[in-house]
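These protein sequences, in sequence, are chains Y and W.
If you want our numbering, it's the 1-based position in the first sequence plus 49.
If you want our numbering, it's the 1-based position in the second sequence plus 24.
It should be emphasised that the hints constitute simulated quantities derived from the structure, not laboratory data.
Among the hints, a few may not be true.
[Unchecked claim] Across the chosen pairs, the derived CB separations fall in these ranges:
no.	chain 1	residue 1	chain 2	residue 2	range
1	W	331	Y	88	39 to 47 angstroms
2	Y	438	W	156	43 to 51 angstroms
3	Y	590	W	156	50 to 58 angstroms
[What the hints assert, rightly or not] Listed next, the in silico EDC-like pairs over lysine to aspartate or glutamate satisfying Cα-Cα at most 20 angstroms (straight line):
no.	chain 1	residue 1	chain 2	residue 2
4	Y	270	W	410
5	W	365	Y	515
6	W	180	Y	560
7	Y	514	W	361
8	Y	270	W	409
9	W	355	Y	560
10	W	355	Y	89
[As the list claims (entries may be wrong)] Only some residues are given here: those of chain Y computed to face chain W with a beta carbon under 10 angstroms:
no.	residue
11	268
12	317
13	324
14	327
15	333
16	351
17	516
Glycine is no exception: its CB is placed at the ideal position from the N, C-alpha and C atoms.
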Amino acid sequence: MNMRRFFVIAGIVVIAALLIHFPGRKLARTHVNGKTGVEDHPLLCTSCHIYISKNPVIKKLVNADYLSPYNLAVAKDGRRLYVVAQDGNALLVVDTEKNNVIEKIAVGKMPYTVVLNNDGKLAYVSNQWSDNVSVVDIGKSRVIDTLQTGNGPAGMTLSKDGNFLYVVNAFSSDVSVIDLSNGEEIKRLGAGNNPSSAEVSPDGNTIIVTSRRAIIEPYGKPVSTEYTVIDGTTRRVQEHKSIESAHIMENAAFTPSGDLAIVTLVRPKNLVPSIQVEQGWMMTYGIGIIEQKENGRTIQLLLDEPNSYYPDPFDIVISPDGKKAFVSHSAVNSISVIDIDSIRAMLADATPEMINNWGNNLGISFRFVTARIKTGACPKGMALSPDGKILYVTEQLEDRIAVINTSSLETMSTINLGGPDRITVARHGRRLFSNAGHTFQNQFACYTCHPDFHEDGLVYNMASKDMGRNLTNTQSLRDIGDTAPYKWNGKNATVYKQDGIRFSTVLTRTEQFSYKDLDAISSYITRGIHYPPNLQYNPDQELTVSQARGKAIFERSKDFKGSEIPVNGRCVTCHPGPFFTNRQMFDVGTLVPSDDSILFDTPHLNNIFASAPYLHDGRAQTLEEIWTKYGTTDKHGIVNDLSKEQLNDLTDYLKSLRAPEYESKSSREQQASFKFH
Amino acid sequence: MKILKKPIIACLTPVVLTCIFFLASCSQIHNGSIIITRSGIQQPGNTSDSPVAEQLALINPDKPSEAPVVLTKDFFTARSPRVSYDGNNILFEGRKTQNDTWQIWEMNINGSHLVQITSSPDNCTNPLYLPGNRIVFSKASASNGPGTTQSLFTCKPDGSDIRQITFSPYSYASSTILKDGRILFISKQKPEESSSSLMALRPDGTKAELFYFGAKGTFQRGNAEETADNKIIFTESDSVSGNKTSLVSVNYNRPLHSRTVLSSGLSGDFKCALPWKDGKLLVSYRESESGNYSLYEFDPQLKSIGKPLFENSGYDITGAVLAVASERPKKLPSEVDMGVKTGLLFCQDINIHNDQAIDGKMAFNSSKRIEIIGMDSVMGIVNTEEDGSFYLKVIADTPFKIRTLDEKGNVISGPCDWVWVRPNERRGCVGCHEDHEIVPDNRRPLSVIKDPVSVPVHINKVVEKKISLE
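Looking at chain Y on its own, in the form it has when it is part of the complex (with noise of 0.2 angstroms):
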């Protein structure tokens, strides 16, 4: 080759690049933009077509199957552990003295937690989407029996006497009692609004069941939540209390004297302009303890400090001594140690002002935490060993265990279950949701307002522009990927967008997430969650009587009268399955003069039920609200020629609705037809 014909080729190549890579640059970013919503976002095409694609090879490429460990129990004798392996639909054996997992033996669906029988043979593991509970005989390591409960088994304990099983339906709201002479579920008794935990007191006269979600009020009134005592001799409920200003709590403990039971707590600012973070203006977080006397009072401390938080506590145990109770803090991947005696002498001495104090005082904190200890991520469900020397503590999001030498308060070792070795791009984003590093100060995750990656049933002041204005109902984050645009007013077109720049200023005011971790969050909420199965509604795919004519009025295209009615007055124009949301905007005659002039976006439908309160500003308590006393006018669907009995039909047909896969072909292609804009 000539030099001349070296250049000559080489300046052709040269001019063919710059004229392919400006417009295909040009190109390339008009397509991004449109596709992810905002204009900085990198032109890296794994965003949209890898890590938030639907197809089946690339998802089972790009994904893998962890365990997902969230509750454990551990052997009389300390030489086993049992771990809930939630994802992996597994209980893992896990032999204490070799660190490993001896035994998988799969359960139902979305296992919660595993408690054992007196004798230690056998074990009980709730799973949550099953409704039922896996008998596993421990010494055969196999199910040998299914249990039937409510709706959403969650937490469980067994009677003193080892007789009775107590398990909590979260998603039903109420208390399985089931007989375990012959597995007969012997009384449902009714419990508070999402309730997570049961935990039965040393003398085993004193059952407790908290919830996770507020008892349901109008905006403006002080958030309460309920939990329920259940006298454990009668097996009847003894008495429906409440702790205000506090919800999401998880779990419960006994001290082993039985004097204080002691529950975990968020206690959230959604009345409060949220206008700032600093000096806990969203979110603290702590304890709230019971006191089991006559007139016993309940005090809540924060476990915050000033300038750091201790986000979504999860888990309480307490040490046989009575002296130490440890809190995991899932979304900051740590442990509180708490000097029971120290708040003991607390509350000796305390006076009612000091106990209004104590609820919104930072520097509480430094009276009764005596130490806290750094875990992998997501910590989650503990165990103390028979003597009290190990903590056992499962990191979530690290598919292991790790183990908690409870004098030292160092972690000895973990035990890796056996999950996949890579962190996925999904996975990824489901830690940085769950983790509050990317808040000011670390006071919240997403995981906070949507704790079981769904939403808190809370309304909040989010003051866009004045405070005071545009409340807010937290929505739910299961199955969003197909449902954009986000928000009421729907301006944020992907999640990008949501989690972008504007997220950044008005709600975490923290640095923003860097262009890869918003990659890693879009793709585990785009992709990553999921509805659970209506079992309470619509277990079988057969409607009910009911529900079936709650459908015909859904779909119809006219009123009793004979009376067509307009294509925009039908439920089902704007609420087409799958999704049962077309993805348009529409004024439903809710606004209010304290919200902006918007219109809303039509949300989606799917397991509708449990994600009261309704509509923008969550002032419709119950579905039947929505038509009855905020629907006045047609404007949401012609329905005012609806008797009472036809309007619970609709609200049964609603209720029924669930996730996409269940739906016709016919309701595909009709939400095929609608395309977003």
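Fit chain W to the given chain Y structure using the hints.
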């Protein structure tokens, strides 16, 4: 092929030489080098009543016998060095000649590529690198009225886009950037004031709040530093005990209640302190007034000082920074919108204040209104709501104080320290001059159900419009 070799060699040679040059430039700095500020330099032409000039110099503590490499030979005086987070540049304040004012300068870590950042008739001092490609420094501000008080300003690294971020008659000096992204700065009301305090605010000037308040007669000096174990260390002089300068630490997690005097067993004075190796501190210390300040290793656990790491005969070492890269603090987003002329201030309950100790009563419901006091006149008296809350729309970047009044107009408490809101800032207070460890109670304030009260109250309506930048 022989023909091809020549152009390839011709192309590669300058590339290789350039790489060698840059590698050589970078390798000039030893990883453990320290940039010191030393004073005691007698500059030519310096008169006896002039302050002692200072110099920046590079030392290698592993080779204490080596003479410091002076980085600011061309300056009459220079001090307050800070190293960029990537470890490549030094920001400092300096005066080229005796008659110059203090200005901010930047140079490479090896002293090359000197660039003047600020060019102001006023002194510009205490520069710090902000995360996010800006710089914060202190400068006299005309808006502060008479006197020589200093405000905080930020600018781009080339000195452009200067923005004032504090607005009050107090004097402020930037001290350090906290890992959470906020600026920690020293606040002093007046030169003759009896003490100073540490405050924190966001780099856009919003959410200014008290961080640490020392005992009466104490003054924080120089730069504070945040350690790996979340301590803030700084030096503090005490006018009560003859201006002895102590080494103090507070916990980031509880700065108002965790003051520890690390140097309590030592008789000497400290000039500066910074994190060093193995949890130790590097400090500038002198045992007695007759000696010179030298660099020592200090053990904060044992509260003991070791042997000198570096002494510079005839000089006081008044400051030191490590010539290494460091963890960049969080880059905080800004809510400031210079197209808006006002900010919003909300207080949950004026009856909550700092007299109420953690174990005391919370409120006694006596205040019914507030008086907003500007620098020159009263800006208005506003009734509070039944729940003690108030909600104001205030002209931005204008200092004011608030005091609480009863129904008859008698003063109940206050006034508080100077407050300001930035354009479009929305700021909340739990109470008036309240304990900063108190968080808001979760209740819906009555005041925010209504529109905010515009302040000054004689302005019926604040017209939002563009206002000019500095």
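Evaluated hints:
Taking 39 to 47 angstroms as the suggested C-beta distance range, the pair residue 331 of chain W and residue 88 of chain Y does not conform, at roughly 58 angstroms. Take residue 438 of chain Y and residue 156 of chain W: their Cβ atoms lie about 48 angstroms apart, and the range 43 to 51 angstroms holds. Checking the proposed 50 to 58 angstroms range against residue 590 of chain Y and residue 156 of chain W shows it holds: the Cβ atoms sit about 55 angstroms from each other. About 16 angstroms separates the Cα atoms of residue 270 of chain Y and residue 410 of chain W, which keeps this hinted pair within 20 angstroms; it holds.
Between the alpha carbons of residue 365 of chain W and residue 515 of chain Y the distance comes to roughly 14 angstroms, so the proposed pair stays at or under 20 angstroms and holds. Restraint check for residue 180 of chain W and residue 560 of chain Y: satisfied, since their Cα atoms lie roughly 19 angstroms apart, inside the 20 angstroms limit. Proposed proximity of residue 514 of chain Y and residue 361 of chain W is supported: the alpha carbons are some 12 angstroms apart, at most 20 angstroms. In summary, the hint linking residue 270 of chain Y to residue 409 of chain W is supported, as the alpha carbons are separated by about 18 angstroms, within the 20 angstroms threshold.
For a cut-off of 20 angstroms, the pair hint linking residue 355 of chain W to residue 560 of chain Y stands: about 5 angstroms separates their Cα positions. Between residue 355 of chain W and residue 89 of chain Y the CA atoms are separated by roughly 17 angstroms; this keeps the pair inside 20 angstroms, and the hint holds. Taking 10 angstroms as the C-beta contact cut-off toward chain W, the hint placing residue 268 of chain Y at the interface holds, the least distance being around 7 angstroms. The restraint placing residue 317 of chain Y at the interface with chain W holds, with a minimum CB-CB distance near 6 angstroms, inside the 10 angstroms limit.
A distance limit of 10 angstroms between C-beta atoms decides the matter here; for residue 324 of chain Y the minimum to chain W is near 4 angstroms, and the interface restraint holds. Given the 10 angstroms rule on beta carbons, the hint for residue 327 of chain Y holds: about 5 angstroms separates it from the nearest Cβ of chain W. Evaluation of the residue 333 of chain Y hint against chain W yields a held restraint, the C-beta minimum of about 6 angstroms falling below 10 angstroms. Restraint check, residue 351 of chain Y versus chain W: the minimum CB separation of about 8 angstroms is within 10 angstroms; hint holds.
Here the hint on residue 516 of chain Y is kept, as its CB sits about 4 angstroms from the closest CB of chain W, short of 10 angstroms.
In the structure shown, a violation is registered for the earlier hint numbered 1 alone.
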